[in-house]
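Chemist: Spelled out from the first residue to the last, the chains are:
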Amino acid sequence: MASVSGDNKKESELKLKLKLYSYWMSSCSCRVRIALNLKGLKYEYKAVNLLKGEQLSPEFTNLNPIGYVPVLVDGDLVLSDSFAIILYLEEKYPHLHPLLPQDLHKKAINFQAANIISSSVQPLQNLATLKCIEEKISSDPDLKLAWAQHYTKKGFVALERLLKDYAGRFATGDEVYLADLFLAPQIHAAIKRFNVDMTQFPLLSRLNEAYNEIPAFQDAMPEKQPDTPLASAS
Amino acid sequence: MLSELGYTLTRMAVSAMAANIVSSSIQPLQKVATLKCIDEKISSDPDVKLAWAQHYIKKGFVALERLLKDYAGRFATGDEVYLADLFLAPQIHAAIKRFNVDMTQFPLLSRLNEAYNEIPAFQDAMPEKQPDTPLASAS
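Sequence order for the protein chains is E and W.
The first sequence runs contiguously to residue 234 in full-length UniProt numbering.
The second sequence runs contiguously to residue 139 in full-length UniProt numbering.
Don't read these hints as lab results, they were simulated from the structure.
Hints are supplied without guarantee of correctness; some may be wrong.
[Stated by the list, open to error] Short, incomplete list of chain E residues facing chain W, as computed with Cβ under 7 Å:
(1) P65
(2) E91
(3) L162
[Stated by the list, open to error] Some chain W residues flagged as far from chain E (calculated, every beta-carbon gap over 10 Å):
(4) V32
(5) K59
(6) G60
(7) Y82
(8) D132
(9) T133
[Stated by the list, open to error] Quick list of in silico lysine-lysine cross-link-like pairs, DSS-like style, CA-CA up to 27 Å:
(10) W:K129 to E:K131
(11) E:K144 to W:K59
(12) W:K41 to E:K136
(13) W:K69 to E:K144
(14) W:K49 to E:K153
(15) E:K92 to E:K107
(16) E:K144 to W:K58
(17) E:K153 to W:K31
(18) E:K52 to E:K136
(19) W:K36 to E:K153
(20) E:K153 to E:K131
(21) E:K136 to W:K49
(22) E:K154 to E:K136
(23) W:K97 to E:K144
(24) W:K41 to W:K69
(25) W:K49 to E:K154
(26) W:K41 to E:K131
(27) W:K36 to E:K131
(28) E:K136 to W:K58
(29) W:K58 to E:K131
(30) E:K144 to E:K164
(31) E:K92 to E:K42
(32) E:K154 to W:K36
(33) E:K144 to E:K107
(34) E:K154 to W:K69
(35) E:K52 to E:K39
(36) E:K153 to W:K41
From a predicted model like this one, the values you see are computed outputs, not experimental measurements.
All C-beta atoms, glycine included, are put in the ideal place defined by N, C-alpha and C.
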């Protein structure tokens, strides 16, 4: 291989960089942003404006045919789905802030909690689903809010019960693990977007306060992204 | 854990992606509880529910056809059964038996479905063969 000059080195560094296609408000993107922050991995932020439909562009659907964010590009690998991305990062960089506990039982609980969020809560309250309800069924905004709150609360009740025997400072003990990466953005969305009354969820409320003190979590939150609209930034 | 299966990192990632397309983007939107919620809170028109379920299944299946075309062998991500196949088989089964999805638009998934139909471990797990299968649906 030829040696690289100064300009070529910068270019090749840029080419090696991780790229994350993300939307500021997307809780799935937020999970991956937290993972990248915790592992100290630098990435190029590629904004995809979901409200403007940029996820439906030919350029983006070439990357991810289902039209969802986040998408991680690592060299030649194009990877979508937050769960798959986080597991990939975990396999590739296991020494950087491990995200899964060694204990088999605890590891399984992490997967269970993460999937309560990723299968039973988030898909039922994301922009695409709410838009589908609006376009195909009913444009009543109260209906959409009630729908989103219904699924959020259902999942949160399950999580309160699941985690009460495992939680320490964080969801499954005193270290941050996979479950926390899924919980933090979902709790944030419940509070900021769907006005869910969190007093019924004391454990999740306490976890939320713990997440609010960690820079890796805070820097990943919707209000702090390159594409956050000025009105929502903090 | 996953690396013990002898996967390359890429194939592991593709398998996880495919599994999650099913478990996050298709199944939750077509399952009994969601359709019941639509029925009770939004519209009791059965055509609305069917169209809703078909919409999400087709959307996910289009994505799966594109994702897997560069990786599929005899099975979803090569010539061995792996994680993605466990998620695909039941979803394709539901698409055909419950939601009348036209599978001619999904040639790869159709071919995978035929492959799954030849494996006892998959067939014995199918809805028609369970202890609680109603007599009318049993096989």
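Chemist: For a C-alpha distance cap of 27 Å, please report whether W:K41 and E:K131 respect it.
Modeler: Given pair W:K41, E:K131 holds - Cα atoms ~16 Å apart, limit 27 Å.
Chemist: Run the C-beta distances from W:K59 to all of chain E and say if the shortest one exceeds 10 Å.
Modeler: violated (6 Å)
Chemist: Holds or violated: E:K92 and E:K107, Cα atoms, limit 27 Å.
Modeler: Roughly 18 Å between the alpha carbons, so the hint for E:K92 and E:K107 holds.
Chemist: Is the hinted pair E:K154 and W:K36 satisfied, with a Cα-Cα distance of at most 27 Å?
Modeler: holds (15 Å)
Chemist: Hey, E:K153 versus E:K131, does the alpha-carbon distance stay inside 27 Å?
Modeler: Holds, at about 20 Å.
Chemist: Verify the proposed pairing of E:K153 with W:K41, using a straight-line Cα cut of 27 Å.
Modeler: holds (16 Å)
Chemist: Can you confirm whether the C-alpha distance between W:K41 and E:K136 stays at or below 27 Å?
Modeler: holds (14 Å)
Chemist: E:K144 and W:K58 were given as a pair; does the straight-line alpha-carbon distance stay at or below 27 Å?
Modeler: holds (23 Å)
Chemist: Sort out whether E:K164 lies within 27 Å of E:K144, counting only the CA atoms.
Modeler: violated (30 Å)
Chemist: Within 27 Å, alpha carbon to alpha carbon, are E:K92 and E:K42?
Modeler: Given pair E:K92, E:K42 holds - Cα atoms ~15 Å apart, limit 27 Å.
Chemist: Can we confirm that no CB of chain E comes within 10 Å of the CB of W:V32?
Modeler: It holds; W:V32 is separated from chain E by about 13 Å at its closest Cβ, greater than 10 Å.
Chemist: Please verify whether E:K52 and E:K136 have alpha carbons no more than 27 Å apart.
Modeler: With Cα atoms ~19 Å apart, E:K52 and E:K136 stay inside 27 Å; holds.
In summary, the structure is inconsistent with hints 3, 5, 6, 10, 13, 23, 24, 30, 33, 34, 35 from the numbered list given earlier, while agreeing with the others.
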